[in-house]
Every structure is written in structure tokens, then in C-alpha cells.
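Please work from the sequences and hints to get the whole structure.
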Amino acid sequence: MAHYLIDNDGRPLTINLEGMVRDVPSATARFQREVQQMQRFVETLPLGSLNSIRSTNVEAGYNTQSENRNWFFAIGGYTTWGMGSAAVSGTRADLAYAVDFDYKFYDRYNWDAGKSVTFGGITVTDRFMGEFHRQGLAQEYDCRGSFKRRLTWKKGQIIPGSQLTAPGGR
Amino acid sequence: MSRARRRLVAVALILPTVAVAGMNCRENEKANGKGRDMSEANPSAATLEQLAREAGVKFPVAARLIGSARESGMDDRLCFKVELPASDLPAFLASSPVAADAFEPGEGGLLGPDHGFWDPSHSQRLRTGQTILPGQRALNIGIDDGRPDVVAIYVVNHGT
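These protein sequences, in sequence, are chains A and B. Take the position in the first sequence, starting the count at 1, then add 30; the result is the number in this note's numbering. Take the position in the second sequence, starting the count at 1, then add 1; the result is the number in this note's numbering.
If you are wondering where the hints come from, they were derived from the structure by calculation, not from laboratory data. Incorrect hints may have been included.
Stated by the list, open to error - Just so you have them, the derived chain B footprint on chain A, three or more residues with Cβ under 8 Å:
no. : segment
1   : 48 to 60
2   : 90 to 104
3   : 107 to 118
These numbers come from a predicted model, not from an experiment. All residues carry an ideal CB built from backbone N, CA and C; glycine is no exception.
What follows is the structure in C-alpha cells.
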């Protein structure tokens, strides 16, 4: 909100996506689902190939307040997708996969009319907040985020959880 | 009034309001021993027909609304649970905006945490899918067909 009201420059804001995925259970599950989708696709690629991969569609998630108040107020709903490069090696009997996976996040910080939020009994409507933008007193902006993972596995294996949780920057 | 001055006035007005309200939240948290949950159970305010229309789904006439809730914030979220006879599931799927191949086993982070009537984690055989609707909204549908006669449908519609 400070970026919206005080900075008031409309510049994109980079969020700590790793932190959100770590702190919000549904965001963790959303990431795991994206990895599972990627894994299913990569296992259809031919032996010896090196491929650029990208999600067919973005998927949306939502940080509920009961999961994490900070991420609820800061982000709420959002979209994510995955991309990267995938290599298939080994033999037909023993296929090995290596993916440099880039998990991406996008959200527009905007206050559309028709919604509201209540802080301690005080209701703040989206129309009220959005009026600051319309009057030039605040600017809506794009939120972006990403992190990378190096994922390796063999056909039929589940990608170890340790590979999903390893630190990878933002 | 200059733009910079107007901005200062706006910030001076809004930030104390939010700060005071935030402190009030903290006090409530202390008093209750837990955070205030802004998700609002909404069991009687809307009919299944109204909720289905709002969410963009259609249900067979035998469908029964179990409960609904809303979460208000920068992005709003509506969720509701419905039960219908297992024999009506094919008709529901045929009219569902979520394509059949979009459903995957489990919850996948699309249904959120349990809360009262909302209990996807207790499903016996759950699959969940999503479609993005016009206006950057998401429609998530979870189907638990693990019981022989009754199917539970979990519907989430939220902004992004």
C-alpha cells in the first residue's frame, strides 16, 4: 500500500515469491501442481532433446486471510506460470531429466470498484482507494516475482521435495 | 492545491486511518487469541441459483447448497459447496466451464483451507480444475465423488 500511496510512481514491484510460496499453504500447493504439470509434459519429450518449455496457460491462486494476513492484504489473488529449459538424457531404459525451472508470478495492484475490505471494523471500499489513483494521488502498478529451481529426476520417480524447497533467489 | 500537497494530505488522511484500524485488529487478536477472519459465512443470504449464476456454473435441479462464504479484500473470493446425486454428475460436467481435461487429482492449492462447511481436505476422492473467466477472474471446481450416492462440488470464484 505504501508503494501505491507514497511512492506513487506506478513502477513495477518485485515481490518475494519464494517467501509467499513458503508462507502460504495454497501457494505451496499451487507451485507443486505447476511442477507436476511440467514433469508430466517433460516426460513426453524425446530422448536426447533440449527444449524450451512454458506453461500452456497461466493459473490463478488466492492467498486467503486465514492462511496469511500479510499476503492476503498485499496480494490476494494472483497468476503464476512456469517456464524453463528441459534436457532428456540417459537411455530408453533409464531416462533422466534435468530442468532449469523458472516459476513466474504476476498481479496487478489495483482497486476496482465494487469491493471492500474491513480493518478492525472500519470498511474501506475499493472505490475509495481507487479514487486516489483516479485523482492522481496514487498509482496502480504491476507486481512481479520469480524464482528458479534446478530439478532432476528419472522416469517414474517423484521429484524430491528438497529440490522444490531449495533456495533459488527471487 | 498542488499535486504534491494533495498527495501529502491524502497520505496524512489514509495512513492514520489504516494504522489505527490495524492496531485495533491487533487488539482484537490479543483479546480473542486469534486473528480476525474476514471470510464471512453466508449461509442464508443467497440461494444456490444466485450463487451459481454469479460464479458462472449450472447445477441440476436436485443439487443442494451446503454452505457459502465470501472473502472481501483487494480481490474478492466466493466459495460454496453443493451436493448432488451421483447420477447427476455427468450432466453437471457437461455444462461445466472447466474443461474435463483440466481436472487433476487433489486440491492443487485451488480450494484453500478448510473452514466450517468448507472441508475439501476431508474429501475421499477429490479432483480439481480451473478456468480463467473474463475480467481476470478464476473459477475453480473441485469434485469429490468418493461416496457411492452423493457427489460434493466445491466452487471458488475469485479475482486476481
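Ascending list of hint numbers which this structure does not respect: none
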